[in-house]
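Asker: Here's the letter readout for the chains.
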Amino acid sequence: MSGAVIAGIDMIPFGRFPDRSLEDIGAEAALMALADAGLTIHDVQAFYCGSALQATAFPGQRILRRIGQRMMPVLNVVNGCATGAAAFREAVLAVASGRHDVALAVGVEKMDRGLIVMPGRPADFQEEGAIGTITTPCLFSQAGVIHSAEYGTTFEQFAKVSVKNHHHATLNEKAFIRRETPLEEVMASEMIAYPNTKLMCSINVDGAAAAIVTSEAFARRHGLMNRAVRVRAAAMLASVFTDMEDGLTDFNEVTRETAKQAYEAAGLGVEDIDLIELHDCFATAELLHYENLGLCGKGESGALIDSGETALGGRLPVNVSGGLLSKGHPLGATGIANLYEICLHLRDEAGQRQVEGARIGLAHIVGGMTDYGSASAVHILERV
Amino acid sequence: MSDPIAEPIAAVPYVIIDRDGDHHLVGSRCAKCGATLLGRRVACAACGANDSVTQVRLSDKGRIRTCTVVHRSYPGVPVPFIAAVIDIDGGGVVRGTLRGPIPSDPVAEVGRPVRICVEDTGQRDALGRAFYSQVFRPLEAAA
Ligand SMILES: [Zn+2]
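Line order of the protein sequences matches chains A and B. Just so we're aligned, residue 1 is where the first sequence starts under our numbering, counting upward by one. Just so we're aligned, residue 385 is where the second sequence starts under our numbering, counting upward by one.
Heads up, none of these hints are tricks.
Computed footprint of chain B on chain A, listed as stretches where at least three residues anywhere in the stretch have a Cβ under 8 angstroms from a Cβ of chain B:
| hint | segment |
| --- | --- |
| 1 | 119-130 |
| 2 | 136-142 |
| 3 | 146-157 |
| 4 | 181-193 |
| 5 | 242-254 |
Hints are computed from structural coordinates only; laboratory data are not their basis. Ideal Cβ placement from N, Cα and C applies to all residues, glycine included.
Turn these sequences into a full structure, and let the hints steer you where they fit.
Answerer: Shown next, in the form of structure tokens:
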């Protein structure tokens, strides 16, 4: 992925904004990213807009009307929880291919509260409850139970993910939840689907994040390299076949294969990574992804969370932003928000939660829908 | 809720409604790679071969690959219930609701044998026909 850099990136603090429209928050994030880069809409040559829930309703065009209708193609992107990462990757590919010098990627979402209602399901037959479940917490609970059955991973170990990430969020003024949640509280909170309790589930919030991707040549020409972050890998895969997907959507194999491609493209291994933002939509997911991303061997993620090595100050901090568990999870915005966190650290701008000396960071996203499939993205970023 | 004279229809495409009541699940088997897939397929999802897939009747027995007890679901859906994923004997995987007592530890249920039954869900379409789908029953307790 030679030649593409992030020249500007930002996110609005995620939250609930009943009085603000999708285009209002998307425009705010886009303008923040442009300001961060020191550029304006006049510099942008292509716009990729991710919105998992409103991609069919021209979110990019609506945002463009708010920030300046300059001549440019707009592509609206949807890819489940990987929507924002997919929009960002399109911007990277547009620049890396030489087609454009400057591309804008926005991820934006307005969410309802509660369990996400899945699109495209049967209208006249209520499958939920009748043939198991399609809700996302349950899918990740079922995946967690498999891990427990194979390796003895405990409820307590899964719960420790929430303790860690909520602690991290106390240092992040942009997180939605900013309070300590002791282990006893996490384990005693309302059981959603064993082993995920309410405090082990990410929250549906509104949010927007945006990134300005430019060619390295453009960034050099315009004096932007001092804060630029290099994109070393932009890998994406969907629906890698597994022998279980007719019963449970796979999030593991697709993540493993995406990570493999990203490490290969970057010429790097997990030993080179200084911090990771991974898709902790539910606490069980984080432990599975420790193994999928190569932080530890199969079955060792329980011991890894116990060791504290993935907490801020540890050997390889994971989700120092607070993760989706704390920031909230506005589907389309999450992928770019994860990249924003990595960039903060690579620019030494993460304040109290700065991972000291961070040079290389990895951002991971994976989404999926029962019976349909998955989408995963892994980006590796490097301090210039 | 259930109406004994309602005409049964499949709630999901991989349920086969049999005139004589021998309802069952259908799958597809790939002669090239051996994969067994749920439902009727034109090509093999595992290896991509498009000339090697034949339709097969799936077994009515299997084992619990994973399950969870669902305590929070969509509005109107009765909870708790057990959402399970079953490895079907002889090949194939299917999800569904596991009947029987709610386990205190879902992890301990993994590997348990079940019978896969195709039954009236109690739901009706606009014409009053009965949606039938798979449900799982612990094999020890099956009739
Ligand atoms: Zn095959």
